[in-house]
Amino acid sequence: MFSKILIANRGEIVLRVIRTAREMGIRTVAVYSEIDRDSPHVLEADEAVCLGPAPSSQSYLRADRILEEAKRLGAEAIHPGYGFLSENADFARACEQQGLAFIGPTAEVIETMGSKTRARQTMIAAGVPVVPGTESALADPQEAVEVARKIGLPVMIKAAAGGGGKGMRLVEREEELVKAVEAATREAKASFGNGDVYIEKFVARPHHIEVQILADTHGTVLHLGERECSVQRRHQKVVEESPSPFVDEKTRAALCETAVQAARAVGYRNAGTIEFLMDKDRNFYFLEMNTRLQVEHAVTEMVTGIDLVEQQLRVAAGEKLQLSQERIEFRGHAIECRVCAEDCLAGFVPATGRVTAYQPPEGPGVRMDSGLRPGLSIGMHYDPMMAKLICWHGTREGAIARSRRALREFRLRGVTHNLDFCDWVLALPEFVQGDYSTKLLGEHPYSLDHADGEQARAAALWRILHEAEGEVATPPGNGSGKGKGEHSPWYWKHRSL
Amino acid sequence: MFSKILIANRGEIVLRVIRTAREMGIRTVAVYSEIDRDSPHVLEADEAVCLGPAPSSQSYLRADRILEEAKRLGAEAIHPGYGFLSENADFARACEQQGLAFIGPTAEVIETMGSKTRARQTMIAAGVPVVPGTESALADPQEAVEVARKIGLPVMIKAAAGGGGKGMRLVEREEELVKAVEAATREAKASFGNGDVYIEKFVARPHHIEVQILADTHGTVLHLGERECSVQRRHQKVVEESPSPFVDEKTRAALCETAVQAARAVGYRNAGTIEFLMDKDRNFYFLEMNTRLQVEHAVTEMVTGIDLVEQQLRVAAGEKLQLSQERIEFRGHAIECRVCAEDCLAGFVPATGRVTAYQPPEGPGVRMDSGLRPGLSIGMHYDPMMAKLICWHGTREGAIARSRRALREFRLRGVTHNLDFCDWVLALPEFVQGDYSTKLLGEHPYSLDHADGEQARAAALWRILHEAEGEVATPPGNGSGKGKGEHSPWYWKHRSL
Amino acid sequence: MKRYTLGEEGKTRELAFRGRGWEGVLSHEKGESPVEGRRLGGELSLKLGDRMHRVEPVGEGLYRVDGQLVSIRLRSDLEARFEALGLGGRAEVGGKVELPMPGKVISVLVEEGQQVAEGEGLLIVEAMKMENEIKAPRAGVVRRLAVKAGDELEKGAPLLDIEAEETS
Amino acid sequence: MKRYTLGEEGKTRELAFRGRGWEGVLSHEKGESPVEGRRLGGELSLKLGDRMHRVEPVGEGLYRVDGQLVSIRLRSDLEARFEALGLGGRAEVGGKVELPMPGKVISVLVEEGQQVAEGEGLLIVEAMKMENEIKAPRAGVVRRLAVKAGDELEKGAPLLDIEAEETS
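So the sequences go chain by chain: P, U, Z and F. Using the working numbering, the first residue of the first sequence is number 1, and each one after it goes up by one. Using the working numbering, the first residue of the second sequence is number 1, and each one after it goes up by one. Using the working numbering, the first residue of the third sequence is number 1, and each one after it goes up by one. Using the working numbering, the first residue of the fourth sequence is number 1, and each one after it goes up by one.
A portion of the hints provided could be inaccurate.
Below 20 Å or equal to it, Euclidean Cα-Cα: the simulated EDC-like pairs (lysine to aspartate or glutamate) are [said to hold, decoys possible]: (1) U:K4 <-> P:E454; (2) Z:K11 <-> P:E182; (3) Z:K104 <-> P:E182; (4) U:K179 <-> F:E126; (5) Z:K96 <-> Z:E112; (6) P:K4 <-> U:E454; (7) U:K189 <-> U:E111; (8) F:K30 <-> P:D46; (9) U:K71 <-> Z:D50; (10) U:K189 <-> F:E133; (11) F:K2 <-> U:E467; (12) F:K104 <-> F:D77; (13) P:K250 <-> P:E182; (14) Z:K11 <-> P:E467; (15) F:K104 <-> U:E182; (16) Z:K30 <-> U:D46; (17) U:K189 <-> F:E126; (18) U:K201 <-> U:D279; (19) P:K189 <-> Z:E133; (20) P:K189 <-> Z:E126; (21) F:K148 <-> F:E126; (22) P:K280 <-> P:E443; (23) F:K30 <-> U:E454; (24) Z:K2 <-> P:E467; (25) Z:K135 <-> P:E182; (26) U:K179 <-> F:E133; (27) U:K179 <-> F:E111; (28) F:K2 <-> F:E111; (29) P:K280 <-> Z:E133; (30) Z:K11 <-> Z:E36; (31) F:K96 <-> F:E36; (32) Z:K2 <-> P:E454; (33) U:K201 <-> U:E111; (34) P:K179 <-> Z:D50; (35) F:K11 <-> U:D452; (36) Z:K30 <-> P:D46; (37) Z:K148 <-> Z:E126; (38) F:K135 <-> U:E176.
Don't read these hints as lab results, they were simulated from the structure. Predicted model only: the values in this text are computed from it and were never measured.
Only chain P is shown next, with the shape it has when bound in the complex:
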């Protein structure tokens, strides 16, 4: 096993990797940009080095600096986390060339799966069902119009090198196509340094369902069940769960077998995720493969009891997986809420600020993964996700109730967050019934309802008492307060737990 690794990322995922590494007796090196010098991911590491100024291109994407520091400090492997360099084939190749283990698949696999068009071709060859669409990048925006006419509107425009909703556009009317392709190209270029985009038929009201894969270099490929990730705003996941309440036993068997087949087809090693779209009749289509740890990996960990980071490290060190498909047991239900710095009442715009209070929920079945501390500054340079709250219970109903209890217990001040929004999502009838598509949030715009008297009185009292003390009546925090609430007598989310 490695004695020291470098973690080429920032925020909660670095802490996640440090924790398991420390438990395994592996020392950790953190990297950071100048603006992150006092961040928990730096302070909690065994060693830390500054890469450069705040912009990612000058720090977290500086492959050269990262490799140089890894060698200087004697790290034997690099964990890329998610985002940044995690799906960068050149980086993976450079690691291997310089004698450092890349904790991920081979550069060739990243290249294949990283190009959505090549991934589609590979999957078609392996017999994995895919969504109809272009098999290669669009030559020009006009080509989009021709393809769309062939496969029928609506269509999705996607970045070939993309992920996480960046460079992605849904187009329902032909006249919007060209403008959307242009915007997606620009966004793709800015995010991934590659502006290639392609078109796919849009599956109406699809479920976004993904299968967790674990594969070693000795030919073992396992699945750890599926996750339902259909709760999305701005094409980004916000609430995920495992198992999916929509998938039945028969579909599950076929889905997971297909995922194993897909991973086998590319000679995969490492933890990985095969994403599928599933329509209302439970037909599923390959969407993409994420050749890295997912943000939402923790729900799978809670259900299976398997530490995915530990397995990643073992696989990267060349060990044989000490697991077998038959011995992987699935227990109960887990739900993750991504805690983001954003103003949900103002269309989910990212928020910035300084954390003044952070008191995570505790008690049975509650797991927190955060990079939060009082005093931490949340800036505009990076992803707005600050923390993950993952709740487990023996039943799905219990896991929902526990998540809602934990969200309400959670205290986080100084930056506008989405805790109330997540609580509202978990109370939506479709969510409670366990049959919701990626359209869920589009069909249910988030807003405030009428408050009851008691809660309104408590809020009013807060103001009155602060006025009486001569304190500033206008509270801190940079919540814009925009939304229906501002012009209404009194509102609250009336949703009994």
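Could you slot chains U, Z and F onto chain P? The hints should help.
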């Protein structure tokens, strides 16, 4: 199911009960003494009432006030937690007489099991093995000498109404007997209002092993496996784990069956614990039954996935347990560390102070149950236990490593605590090997070892930088700093994780 | 005794508070409740009668009570009287468009003097690697366009004004 | 440049620090390390070269470094020179017995003028519902007994003195 319950306790256990109650849609009433008015257990409840001044006898033990408030506020049941009124038969009886459900067994069962002498007689009749000794309370200290001569020294003196190490004394020499009986009688009277004590043969180097029981009013009695609770200081548990690494499969089957038999013999209902002493040959003897939730119940919850408080509430509401012995699955390993306000280097004396920072550990397999917040005052009136850290992993080795990782990640300032001590316990060779008796801590006195250069330099730098800033060089906190460290060049606990 | 109005015309409720510092009595439409404010670690909890509430300020008029967002409009007696005289009251939907989050202007979709409909796209701004379209809060004519593509701006930076058609 | 001695005679290590505020260079027996102190939320972390250390003060000379207790003795150059002249140095085991935790005296086991051995029981004190025996830190004669059964005392309250036999 109840719509509102009152929780007749304080601190972390109240929060524990509030959490499950809230998940089940049950409103909660907290009670508090004047000194606890700003405690988290009060602030997190739905309703709260003050019982009286700080001393327990004027607040948390005021059965009359508690019943009066429960009725006034429309609570339908009372959860007693542990300690205080949880094993008070008169209180249980008064609840039932006034139409309130007592979340526990019947008053008769509490009476039987609450008197250690009557419990022994009952267990002997039920065919459960017990430790040789007196079957009733000692008439006078001189009787102790006669009994000790009969069963042989060493002997244990125990409070008939006792628990938690209070009113308990080990006597190895005959001349110490009378003084010890007198002290135990005094302590028993002060703690339980009943000075009766009795004598038992002392089992050399015993394991303290207990079985978790769950029984309903419909005749179902289940066991949820055993816990090893042999890590004790001052006769009080500090680290517990499940399963016990000492118990083999054959012994486990017999032990758990015996516990079910014991619970059945008294017509038990509620969650409960049968405590056993186990000698080096794995013979086990009934020690006592705790007719309430235990502090360490969470390790069982993590291994079985069953919420014991939820089951307690269901049983008290008359529901039939929806569990069967065959369907209870045990997964992995869990370890609890009790986080206490105490100075371990000065003989574990209780400490007081005000919490200035509280940052609990996070990540996979970590559960916190605390009643802590920055600003909270830890006083001298109540038990020094502030929080529980419970860590789970698929293997015992992993659970130890995870606990140690979490202990080191844990930040708690303003009050002297035992986090480092717990880390030291988990590294003791006997603990790591999984064969340790209740003598463990007596045989390994806690002290500081030599520090390595790097860590000593970091500590020195802290002082130097604060001096340079003109800040007070003597740090805050009320740690006495007593112990070997004070007179030594530099010391630290050298225990690599 | 201080008097307050909670809510708006037709739906208001009267509140009155008497007390000192963090303790007192609140009179409301359902009667009177003794009130105690309790602070622990910078957080204020309220005891209203026997009920406990955890209140966190989130924004102007916006609070998180027991973990749920509540929006209220509270006026003191004096403010309410001014309003009754037509001197207060709710503001028009403003014509000033400000940047709702810190970010970089990717492109400007309108020109000075251009007529826009409510909801029409005005600018595309990148924040945290996502493109966001800033839309017109009301119909009107674009004036005082203050930004161009490439500008990196702080939250609240003025972008442009939309003058209502009737006034132009 | 400030110079320090870490440890005691025969086992000391020399340290020197030059810098301003929270940044500088530490010279030690293994060379020089650049130092950065970093504060987040009232906590100080140290970067010593590339190594990160989380340091929390626990008591006089006692620190929790990376979650583990470390006891150090650090003297500035001046303090060390005084000590070398015999003006400093470590204290005798004191004869003053103080209450190590807040509590209530249950019984006093000794009398004024009584001879006691090291480790002999002096008083029984109840704290947090447990009886604790306070033991003699050294052999000697009991003097200035200041408490009686029933007294409720704060931490650090003087209980009695034990005068060494040779001085009595």
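The hints, checked one at a time:
1. U:K4 <-> P:E454: holds, 18 Å
2. Z:K11 <-> P:E182: Violated - the C-alpha atoms of P:E182 and Z:K11 are around 49 Å apart, more than 20 Å.
3. Z:K104 <-> P:E182: holds, 18 Å
4. U:K179 <-> F:E126: Answer holds: U:K179 to F:E126 is near 17 Å, not above 20 Å.
5. Z:K96 <-> Z:E112: Holds, at about 14 Å.
6. P:K4 <-> U:E454: holds, 18 Å
7. U:K189 <-> U:E111: Measuring from Cα to Cα gives roughly 17 Å; hence the hint holds.
8. F:K30 <-> P:D46: Given pair F:K30, P:D46 holds - Cα atoms ~19 Å apart, limit 20 Å.
9. U:K71 <-> Z:D50: Holds, at roughly 13 Å.
10. U:K189 <-> F:E133: holds, 18 Å
11. F:K2 <-> U:E467: With a Cα-Cα distance of about 11 Å, the restraint between F:K2 and U:E467 holds, given a limit of 20 Å.
12. F:K104 <-> F:D77: At roughly 44 Å apart (the allowed maximum being 20 Å), F:D77 and F:K104 break the hint.
13. P:K250 <-> P:E182: violated, 42 Å
14. Z:K11 <-> P:E467: violated, 24 Å
15. F:K104 <-> U:E182: holds, 18 Å
16. Z:K30 <-> U:D46: Within the cut-off at roughly 19 Å; holds.
17. U:K189 <-> F:E126: holds, 13 Å
18. U:K201 <-> U:D279: holds, 12 Å
19. P:K189 <-> Z:E133: holds, 18 Å
20. P:K189 <-> Z:E126: holds, 13 Å
21. F:K148 <-> F:E126: holds, 13 Å
22. P:K280 <-> P:E443: Cα-Cα ~16 Å, so holds.
23. F:K30 <-> U:E454: holds, 10 Å
24. Z:K2 <-> P:E467: holds, 11 Å
25. Z:K135 <-> P:E182: It holds: about 19 Å lies between the C-alpha atoms, which stays within 20 Å.
26. U:K179 <-> F:E133: holds, 13 Å
27. U:K179 <-> F:E111: Holds, at about 18 Å.
28. F:K2 <-> F:E111: Answer violated: F:K2 to F:E111 is near 51 Å, above 20 Å.
29. P:K280 <-> Z:E133: Outside the cut-off at roughly 32 Å; violated.
30. Z:K11 <-> Z:E36: Distance of about 27 Å is beyond 20 Å: violated.
31. F:K96 <-> F:E36: Violated - the C-alpha atoms of F:E36 and F:K96 are around 42 Å apart, more than 20 Å.
32. Z:K2 <-> P:E454: The hint holds at about 19 Å.
33. U:K201 <-> U:E111: violated, 24 Å
34. P:K179 <-> Z:D50: violated, 59 Å
35. F:K11 <-> U:D452: holds, 13 Å
36. Z:K30 <-> P:D46: violated, 59 Å
37. Z:K148 <-> Z:E126: holds, 13 Å
38. F:K135 <-> U:E176: holds, 17 Å
In this structure, the earlier hints numbered 2, 12, 13, 14, 28, 29, 30, 31, 33, 34, 36 are contradicted, and the remaining ones agree with it.
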